[in-house]
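Here the protein sequences come in this chain order: A and B.
Count the first sequence with our numbering and you get residues -2 to 169, in order.
Count the second sequence with our numbering and you get residues -18 to 308, in order.
Since the hints were derived computationally from the structure, they do not count as laboratory data.
Values in this document were obtained by computation on a predicted structure and should not be read as measured data.
Each residue gets a CB set at the ideal place from its N, CA and C atoms; glycine is no exception.
Incorrect hints may appear among the rest.
What the hints assert, rightly or not - One-sided and incomplete, this derived list gives chain B residues near chain A with beta-carbon spacing under 8 Å: (1) ILE(-7); (2) ARG(-5); (3) TYR183.
Said to hold, decoys possible - Cut-off 27 Å, straight-line C-alpha distance, at most; resulting in silico cross-link-like pairs (DSSO-like, lysine-lysine): (4) A:LYS133 to B:LYS114; (5) B:LYS127 to B:LYS204; (6) A:LYS25 to B:LYS114; (7) A:LYS135 to B:LYS109; (8) A:LYS135 to B:LYS268; (9) B:LYS109 to A:LYS141; (10) A:LYS112 to B:LYS114; (11) B:LYS271 to B:LYS108; (12) B:LYS108 to A:LYS133; (13) B:LYS109 to A:LYS112; (14) B:LYS243 to A:LYS134; (15) A:LYS135 to B:LYS108; (16) B:LYS109 to A:LYS133; (17) A:LYS25 to B:LYS7; (18) A:LYS135 to B:LYS119; (19) A:LYS141 to B:LYS119; (20) A:LYS16 to B:LYS12; (21) B:LYS12 to A:LYS135; (22) B:LYS271 to A:LYS134; (23) A:LYS16 to B:LYS127; (24) A:LYS135 to B:LYS7; (25) A:LYS141 to B:LYS12; (26) B:LYS7 to A:LYS134.
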Amino acid sequence: MNLVDMETIIENYQFGIFKYCFQMLRSKEVTEDITQEVFLTYYRLSGKKENVPQYLYAIAHSRCIDYLRKEKRKHLFIKNYSNETYEEAAEDSFLRNEYSYELQAALDTLTDYEKSVLLLKSVSGLSFREISEILKKKEPALRKQFQRAKSKIEKKINWEGAKSNDEGIPVF
Amino acid sequence: MMKEFQSFEDVINRLTIEEIPFTDCKQDILKRLNAKVLSKRNTYRKLCIICAVSFTLIISAAFTLGYIKEHAEFVKAHAGEIKGKLIDDKGNIVIQTGVVGKAGKYEDHMLSSDKKRISAEKFDYIKKSLEDKLSNDKVAIFIPVKGLEAFADFSILNWCEYYYTIEDMRNYISHYGPLPEYIPDGFELIESGVYYEYENYYKPYEEKMTHKEFLMKQFEEAKKNQKDYYYKEYNRLNEIRGYSLEYESIGEAQRIYLYFKKGKTTILHDSGTDELTTEIIEHNGRKYLKDEFSYYTYFYNGDDLWTIRITAGVEEDRIFRIMESIG
């Protein structure tokens, strides 16, 4: 594949990949790095011109999952050895960005894979067949994961709603 | 205060219309790609060597991973000649490597690589669709037919599950066997796979024909019946047969391929030559069988024998270090 083809691919898919990564990771800096890595990896591993978006999303998914796992391990370490500092930092970041708290709280009920399925299906607008190529999982399993994600979010919304009504104070 | 989200659809709408802090990184990516293209020219020769090794690897893996219960029959079916053996401390042959004899060569019946690629692309979608419909307890033999004059290729659908992060693989495989603790810096996991045992579809025919003849027969019959492809399902078992890990270096055309197989291993190379040089090496108390393509060794996990094959474009001391970090 030559660089002209690659330029077209970057133009066509950069925004979608960036948005997917940002919504998975919620960090602008990390998203920028991962988006660049996705296209570099695509160029390095593939001369394919077919199924380009699936291939790009597959790399993006893999990079995001890797990053999230590393972060979780890091946070576990920080939590174990510096519990107070971590709790404070988390609290601060939510206070600073109160508007996204409700969305974040809903998404936090999902596993990384469920979040990925939800974003690819509902935001990126891919079909289950396309997602199955990206995540290398069977379509029925993905449908189940999507349903599970939907139920978890609905449960979270309803539970918070009930809590809000009971206590008579705004939750979000 | 009103809740921001009343329903699941509200959450999705919010995610869809959400403003994200997008930065156009096109120029940065292109700059980095340009640098890679220059570096690629220098590593082109290395790439050719690795590709040749990978091609041979694919051919030989196809034989090794096919369902052949008795190794002697497997060797006979491919008119194979064993060139090297690795014997464990109890005196058992655990790994043997050799070459495919003329009568066993698939290559003679294969299409040229260009035609094969076209055929693979043409049938890729059908294969994927069929694989999607298969339940986890089934595998299927798939042989492309339409548009082909002769038997060219076959696949076992659904016998392998793929994982793309080492953490996923570690979570899955820890019940079965170990993974390497050491991989040289600069290499990243490209793909890993878990291979399952499945029903021996060849068993009823093994007295009558070779494995290749069995596949060719299915091709001929499907062609006679004007079918686009041959497809038949068999049971997939819960036991795993082996697992693999494939790493690639960042920025360089180097690969590390590791394959773990439960039990003894026989490898027959179909690399276009009858010659194969092998040697036995001892390093830090561990024995290795080495041929022109790979290093092989073994370990016991309780009573279970595991054999390991590594094909890598890295120095021998790093290969030993990888192998010694396993288990």
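These are the hints, each one checked on the structure:
no.: 1; hint: ILE(-7); in the structure: holds (5 Å)
no.: 2; hint: ARG(-5); in the structure: holds (6 Å)
no.: 3; hint: TYR183; in the structure: violated (26 Å)
no.: 4; hint: A:LYS133 to B:LYS114; in the structure: holds (13 Å)
no.: 5; hint: B:LYS127 to B:LYS204; in the structure: holds (7 Å)
no.: 6; hint: A:LYS25 to B:LYS114; in the structure: violated (39 Å)
no.: 7; hint: A:LYS135 to B:LYS109; in the structure: holds (10 Å)
no.: 8; hint: A:LYS135 to B:LYS268; in the structure: violated (41 Å)
no.: 9; hint: B:LYS109 to A:LYS141; in the structure: holds (20 Å)
no.: 10; hint: A:LYS112 to B:LYS114; in the structure: holds (24 Å)
no.: 11; hint: B:LYS271 to B:LYS108; in the structure: violated (36 Å)
no.: 12; hint: B:LYS108 to A:LYS133; in the structure: holds (14 Å)
no.: 13; hint: B:LYS109 to A:LYS112; in the structure: holds (24 Å)
no.: 14; hint: B:LYS243 to A:LYS134; in the structure: holds (25 Å)
no.: 15; hint: A:LYS135 to B:LYS108; in the structure: holds (13 Å)
no.: 16; hint: B:LYS109 to A:LYS133; in the structure: holds (10 Å)
no.: 17; hint: A:LYS25 to B:LYS7; in the structure: holds (16 Å)
no.: 18; hint: A:LYS135 to B:LYS119; in the structure: holds (13 Å)
no.: 19; hint: A:LYS141 to B:LYS119; in the structure: holds (20 Å)
no.: 20; hint: A:LYS16 to B:LYS12; in the structure: holds (22 Å)
no.: 21; hint: B:LYS12 to A:LYS135; in the structure: violated (38 Å)
no.: 22; hint: B:LYS271 to A:LYS134; in the structure: violated (37 Å)
no.: 23; hint: A:LYS16 to B:LYS127; in the structure: violated (42 Å)
no.: 24; hint: A:LYS135 to B:LYS7; in the structure: violated (33 Å)
no.: 25; hint: A:LYS141 to B:LYS12; in the structure: violated (42 Å)
no.: 26; hint: B:LYS7 to A:LYS134; in the structure: violated (31 Å)
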